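Asks: Sequence:
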Amino acid sequence: MGLPVDDKALDTIFRQARTFNAWLPRPVDDDLLRRVYELARLGPTSANTSPVRVVFAKSRQAKERLKPALMPANVEKTMAAPVCAIIATDMQFYEHIPRLFPQNPQFREMFTKPGQEQFTQTHAFRNGTLQGAYMIIAARALGLDTGPMSGFDNAKVDAEFFPDGRWKSNFLMNLGYGDPAALYPRNPRLAFEEACK
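Mapping to our numbering: the sequence shown position 113 is 113, numbers consecutive.
Read the hints as simulated data drawn from the structure, not as lab findings.
Please note that the accuracy of each hint is not assured.
In the SDA-like style, the derived pairs of lysine to any residue whose C-alpha atoms are separated by at most 25 angstroms in a straight line are [claimed, not checked]:
no., residue 1, residue 2
1, K77, S59
2, K67, E160
3, K63, G143
4, K67, F162
Quick caveat: nothing in here was measured; it's all calculated off a predicted structure.
Model the full assembly from the supplied sequences, consistent with the hints where possible.
Replies: As structure tokens, this is what we get:
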């Protein structure tokens, strides 16, 4: 517990990892996607509420359903990626609180009282986004490259994939084995002194 990982792991997860826009024609096994989720689900969320839900669009048919919602710049890379994960949030995540947070099953009531709708939505979005970030880290740690993106129409994705309204799309993440020949130079990041006090 609390031991730092080595430089090779830091390179894999952060320093050498990149956002890929081009993909090698190499499939991603379903078992590997399962392992990504099973690793990512261990990251912390508030009261262990775990609101993230994921649809792995792998088939051509599934990605064709996604295509009308994509911004033009994101169509080609998404269609070429072996997998596009729709990172979504279960807006009724609180139904699982008695099982996921057994030390205080009444915590569920905090999200179901009248007038708590905005609080519940904010909680769901914040913690689902955290879990989406864990998915990026887990995928990289297990040898996959990632291409997370926001350039799509959430309402169209939700209408196509989540018509009952319970799940809401957050962001998309292409997964596979990236083509390093198509990478741009890494963009700058803010220095510690600029971003931290």
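Asks: Against the structure, test the hints numbered earlier, and report the numbers of the ones violated in rising order.
Replies: none
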